[in-house]
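Protein chains in written order, with our numbering: chain A, 1 to 661; chain B, 1 to 477.
These aren't lab readings, by the way, just hints derived from the structure by calculation.
Treat the numbers as computed from the prediction; the structure is a model and nothing was measured.
Hints may contain errors.
Stated by the list, open to error - The calculated lysine-lysine pairs, modelled on DSS-like cross-linking and capped at a C-alpha distance of 30 Å, are:
id, chain 1, residue 1, chain 2, residue 2
1, B, Lys230, B, Lys171
2, B, Lys477, A, Lys139
3, B, Lys171, A, Lys262
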Amino acid sequence: MASHDVRDMLNLPSEGGGSRPTKKQKTSIARQNLKGLAREVQNLGGDNPIAIVPEISSFKRRRFGSRKPAARWEMRPFRNSARGDESLILRHWRRKTDVQQPAAPQPEQQQNGESNEDKMDADNGEPKPDELEDSSFAKFNVKVDVPQYSEDQYNSTLANNDWTKDETDYLMEVVRDYDLRWPIIWDRYEYQAKDGDASTDSSTAVVPARKNRTLEDLKARYYEVAAKMMAVQRPVQYMNQAEFSLHEIMVNFKPEDETRRKKFAEAQMGRSKEEAREEESLLLEVRRILARTEKFNQERRELYSRLDYPTTETTQDLSTFKTSNGLHTLLQNLMTADKSKKRKPLMGTDGQSTPVTAGPSAQPGSTPLVEQRRESIAASASGNGHGHGRHDSTASATDARPEKPTKKGAQAPERKKLSEQEELTYGVSTHDRLPSGPTFRYDRINKILTTKSNAQHARITNTLNELDVPARLTMPTKAVVDQMEHLLVNIQTLLDLKKLSDKFDAEIKLEKAKKAEKDKAAGIVPQPAAAEPATKGGTNGETAKENGAANKDAKKAGGDATSSSAATTEKPAAGEGVNGEKEAPTKGDEKASTEKPTDDSTGADDKAAAKEAKDDTNGVKQETGTGEEKEERPSSSGGQKRSASVLSSVSDKSAKRQKKQ
Amino acid sequence: MAQPLTTASVPTDIYGGDEVSALVLDAGYCQTRAGFAGEDVPKSVLPSFYGAIKDTNAASGSRNVFGDDFIYARPDFEVKNYMSRTESVVEDWDTAVQMWEAMLLDRLQPERRQTQPSKNGLNDGADGEGDVSMEDAAVSAENAENAEKPLAESPLLMTEAPWNQGKAREKAIEIAMENWGCPAFWLSRTPVCAAFAAGKASALVVDVGGANTSVTAVHDGMILKRSIQKSHVGGIWLSNQIRSMFDSSDPKIEVRPSYMIESKVPVDAGAPSQAILRKLNFDLHPSYRAYEDERLLTEYKESVVEVWRGPGRYSNPGNEDLVKTQPGRIFEMPDGSNQMWREQRFRVSEGMWDETAQLPTTSEEERITKAQTVPELIRACLNAVDVDLRPNLLGNIVVTGGTSLLNGFNDRLNNELMTMYPGMRVKLHAAGLTTERRFGAWIGGSILASLGTFHQMWISKKEYDENGAGIVEKRCK
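The shape of chain B in the complex, shown without the other chains (with noise of 0.2 Å):
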């Protein structure tokens, strides 16, 4: 938490901040993020897939847990979300209560568990009397209720999706209050969050996240509602490209995750994989099968694909034989196969942005309408404001969102835009970390938590006693 400063002046004044040790809390389809407010990366990020363990004694008892090291393939093992992903917001409210508390309360404040710190006798010594004797009475006042408001020292700050509704953000703010006993929550919305974290209170956010890819207009620090554009072109309908391109590939490459494979031998580009397999001894559930296939192709969308710069489209003739005789970049799945990939990396992603060159798909959810590439999105998002704010929104797009870093993404954005609005100032914000561009909402969250100015705008446990959950709709607009 805060650090004790050496300075006699306490330098947060200079720039608006007043550290009251809040908790952000940031939910989407692929990850959780949790930390605490004023740092500048969450503490603890975990997948939001979850394993839930049959219980073979009990009847129809099953266990949790949480964290890829608990994920691997073990029998009676299912992996399961618990947000929604078409939606990315809670689906399961039970399982995020649990997944949440794991999070905040186990993995940020491990010492709940062990001895307080004030009575550890590690801070022992030469404090004055009075203190000591202060701090005792608050400890006991405290160990008093601790099993119930177990977050009772925390302002919480929790993020959703610009288009979560009313009955969800009540359920959030009953949970954070009854259940954790929260001195003070807030709602905030991850485009707001975005736009913070890139140092803007009006921004035009293109959040390319894992399930979904939302483009929002926020103005002076609030979404405009009725400029929320969200399609599902996203991490997963990149994976799901991927495999369409795996699978129509002359030989067809088979995606097999390494807990598959007992042994490999390196072999030539394009040649078979001769690697062992591994033989378990159980049944595995499918849903683990696809979640380690999905890191797999995680890996490679991280490795290979990259988006065509532009200008125009990667269908415009010439394009792709440019891009043969560019070097390509090889590939070795976990069994050893491996290959050189040139023109297919780019044509996965071209769906983003020309719904003619996506591949074919075996759900027709997959499928994206021209309304749903990425420069549509921005145009029907920008159609929805007042006129007189589109300029500003151009000049002040940020781009977040985990699925925006792959290669040549920004350039190519950059191009539709300018093709777009041609004589219109574009201008794009996207950070240049890797960390702050997946945890954009997360930075914001924590950023917006640490302010002095902010303090007046949680809503207080006392508030909410007051007036029920239904304060939450009131308060954050």
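Isolated chain A, as found in the complex (with noise of 0.2 Å):
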């Protein structure tokens, strides 16, 4: 609303009606370019206009002045020089170019091109074809090549008695048209056999008994024509790679072969819905079992590398590995390297795995075997122990095979049942758990020996030179490594039984030798030595009957039995502690000035032959000394010297024992 107006509302005199029309005037001329909200801007300012509304708009002139003149476009003709005739001439839009503007020819040219399209037949319009643009598209046009033949090579090398040179020709001509499209081709062939001029346009003729040439029929005689030709220009021995190999694959069609394959894919296609999904879950078996193949090749592969290791090392130099010890070195070698590898567990595929890694651990070893170890047995004395090394390795290679069938019908278990009787004869035997991989049975023997320390060991084996028992299996079946399983936990129960009774021996010297002591002290006559060792047996007995407890339970601790009759043992050390303080520097001395007491076996050992020795003179007194030391030195030093000093207390007996037989 204007101020005006206002002023017109109440009657109010405006200033001066000489101005006001061209006030009006002027704000209406104004106006006229305003719209919308800045129209109503300005009229809030009245009469006095605001200077914020813009003055010009040049956008409107701007839209043709800075703008470039329009593109032309022109209706230009071209022509196709992939057609046949050369007469069509198209038209279609396209931008004008400057350097036809200013041409006088081009009106010319342009109605030459009209006027041919407006009367074709026309021909005296002669179109320009330099000067018509050729479709960009005519390069698209290919055409496939056929193979030509005059009569005379038709005669010569195509003819055919099933095919007549009409027919082969109406053929070559029905592959041009349709490209070589093989489908079409033999959709559309429709020969009929030539009866005067029968013409290729079939749809309206009738058909005089047409020959039903099938697409392989087709194929295979145009290959065959096509072969023969290509040779014809180029004998096969000049031909390229490229040409030869065209060539042997047209030769080689087979019709046949290709009607069966069709035959095939149509009962394919004919298949029942369930045909089809057992298929298909069949198809996923095989890529199933292949994909396991490979996993298994590749583990295989690896097993291979890894047993290959070692025997490159043997045809280097087979000595080293034909000791019993070389041969364990090298199984120690080869189960370091097993852990090493960190290989992924072969349980998965244990069932296959097995027997292939028995295979080649026994392929190698066993032919050239009997000859090494005969070469061996007669060669060195230390071939009794190599031998049986062969033989162990042997034996467990033919045994992990009958091993193979057990873990299959694991897996499978519709296999046979076996009777005991035949488990046996074929050497079949079931196994809760095993082990990974191959073990060598003989393992098992081993296992026993090498967790025992080396005292101990040795004291087993002195056992089993006694009893007549090689150390060493000769023949390490299973019957054979039960038995010497038996044997070996027997004997150790035999040492430590052994080892008790030795033990209570020298303490009832000891207590007979203190009682003598006592007895010569005060003057006594040793009379009633009779009667003390019978209390000295009860309460012997009684102690007895603790250590055997303590023993037994030791026993089920396993390996800490020799620290637990160590601790049996300090009982009476601690009861004599005076006297036995009194008495060690005495006899310690005695000892040091023969041998150093060590801790290893073999010294102990020594020390035991030394003692046997001594043992002729010191008598009673010696024996007791030694084992008051023994007894002392466990309190001061670890647990391990003391269960040394136990083994080599046994092992005195032992030595003893060796001297009596």
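Build the complex: two chains, separate frames, hints provided.
What follows is the structure, given as structure tokens:
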């Protein structure tokens, strides 16, 4: 609302009637340019126009001012050189180019084009093809090459009983027409045996006994012709690689195979839903198996490489492995390599992998083995051990094989159940749990021995020697190994018991000696010595019982047996601490003078031998002295030493026994 | 026609297009479609039915009118069709020429009747002086021949049914060349065009049209003649099924097209109509009634009829009970009577798939055999092509035609094919847009005629003059 409107309403005099119309005119002129909000803002100012309203908007003028003239387009005639006839001139919209604009002949040319288009039959129009643009799509016109042959060539090389020349010609024509698209060629192939001049236009003609050619027939004939013509043009020996392979393909075309293949394909299409599903699942299975064999092969390769490693060494120097020790180290090497390689557990593929791993380990060894063994037996004294080792490996290798069916049997429970008798004869055994990978059965024996300390080991071997049982089994069959195991366990208990009895003997002697000394000191004739052992024996019997119980516990606890027994032996030591300490320096000096007490078992053995020598002179005292000294030492030193000392005391006895023998 | 482009480069190069302002004509039994190549929808779609008005004063003469807007209730008026119902090929060539001229000339190029664009003054002005003179000359040259060669500027691409015979094809090129003076002509088969419209050179085309259903294998842009399968299971057959259902329903349902209704009042569902019928004071030819009935039934088909989607046939136990629990569709007739349709709307279409489920028809010709059901057509078609092609064809099934727009058609077809060919990859390609499905063949023709590589294919006027009409057999294979 403008101010003059308010004035009007209030009947106020305006600012001079003369000026008003001119102002109105002014504002109306100004308003013409403004629209919408801009006009409202303008009106707010009333007679005094506000400056913020843009004075001029130049976009309208600029719209035409700064633009280039519109692009010119024209209907330009063009032709397509890919056409069979050059007469068709079509027109499409193209931008007008500057080159053509000033040229005088342009309208002329267009006229020519159009006149040609209008009256196509009029050839006098003579379009200048050079000036007409060629279609950019002409280059896409590709045609197939169909073999050409003359009448003579046909008669000399291409004659065929089944095909007349006429039909062959027709075939070639159809092939050219349909660009070698065989399904269409077969679909449209309608040859009528020449009956006058039968036209190819067969849709209207009556068909007189048409031969039904299959797609394979057509292909076979075409390839035959093409291959022969190829050979005619260039003999086979002069063809280059591509030509030759093409020729080969065409020559080797077998229509029968194709027909058979198609029959299969058709049968495959006609499957029922169940068949389709079954096939799908079978395919899945096959794929799975293939994937598994790949994995399996890889594992096998890995295994081979692992097994190959030491054998390559042996080819260089076999002698290092000829001793049992050597074999043992080889085994250890293999095992450490096995562990360090950190391979995946073979459990999943166990059923397959075990025979394979057994195979290669057996194969290189088994055949040349016999001679080697013979040699070694003849040659060296240590051949004994070596022979054992070899035998072990062969035996385990041959044994490993029969293990396969059991594992397989676990996987496939439908396998026939063997009777106990058969299982024995075939060497079939069932296991709850198998360690991964192949093992020598002999290892089981070794394990028992190796877990023991060396002293114990030595004692066990000694016992075995006594029993005339070789430490290395000559023929570690399952039964033998089982028996051996049993034997070793028994030896172990025997040794333990022997140790105990030795200890008690020593105690008894000690007590006796003490008594004798006391008696000596008291001046009493050693008469009541007979009564003394009786009472002592009563107490000893109690302690023995205690010890026995402790020993049992210790056996349960495994290797701790020695330490616990040592603990029991400490008691008397503590009880006779005064005496012992008195004695110790004198006896200890004696001992130190003869040989230094060493911790290792060989030292202990030597000691035992030395003591034995002294035994004759020193008698009981000496014996008890060593016993005391031994019993004292553990209290000050570590458990390991203690056990060693205990062992040595036992070994004393065994050494004595050996002497007796 | 081709719009002037603002960019300097011509983008059609990318797509291999090169417009030469060709026309595309696709004639079917129910509709005839015409338009400009390169467009995505035909400019002019007319029913193939036309009206023949008997001139009362002239003894034998009759005047034909084309287009829906001329087909209304009037005396001495007969509705005819220039196409053959069973074959979907041209039957009445004289009328065909008239009809096509009405479309190609009058409807597509109305300016022909007016002044030429170059002479009406609109395009005068700043053009170069040489240009103007050139155009004038061209126009004058054209005008001289306009009378007899109205299509001298536009190549024409026509479609034909795949089973079209040689004589009819020759007739078509004769008309195009002699009557209209087309500079170039091409005759393409509808399945090929439909496959092109779906962007495929090889496909199994299932064309469910108004009068016919055809299944054709197309390989590399060519039909395989031995594979052509045809059946009359189409829109009109479906209409007859609906008629049969209407007749057999308990209160018989009258089909009264809207021209018969003077006024109607709303009634309850299932109640009889209370409409007042129009009284015509002249005799109406029964063909008009039939035409109007068909239109009403088409509307019914579009809004009510559905195809049982499967799996299995609709007649399998339980299916109908399930359908009865589903919400139905209400259809109101022009006379005001309305009804809820539930299981019936599935029943009428089931005959397409299961010949035992078809409803009894009046004429024996309408009955279909097992071999004429859609799945069997496809099976027969596939059996007639090389084994090697079959998997590819099954993976490229193009569904086109107006009747394929029935709800659930594609689902059912897919289910049927899956059970028929288990283990094969079956893939249907059906355009989502209604127009693309209805005008599939036309759109394919439009694509084809605007391709740059197609220029070498056209049969030019000169070739026609040299070889005669027989050239169409040689070239358009």
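Checked hints:
1. Restraint check for Lys230/B and Lys171/B: satisfied, since their Cα atoms lie roughly 23 Å apart, inside the 30 Å limit.
2. Proposed proximity of Lys477/B and Lys139/A is supported: the alpha carbons are some 23 Å apart, at most 30 Å.
3. Between Lys171/B and Lys262/A, the direct Cα distance comes to roughly 41 Å. Violation of the 30 Å bound is thereby established for this hinted pair.
Of the numbered hints listed earlier, the single one contradicted by the structure is hint 3.
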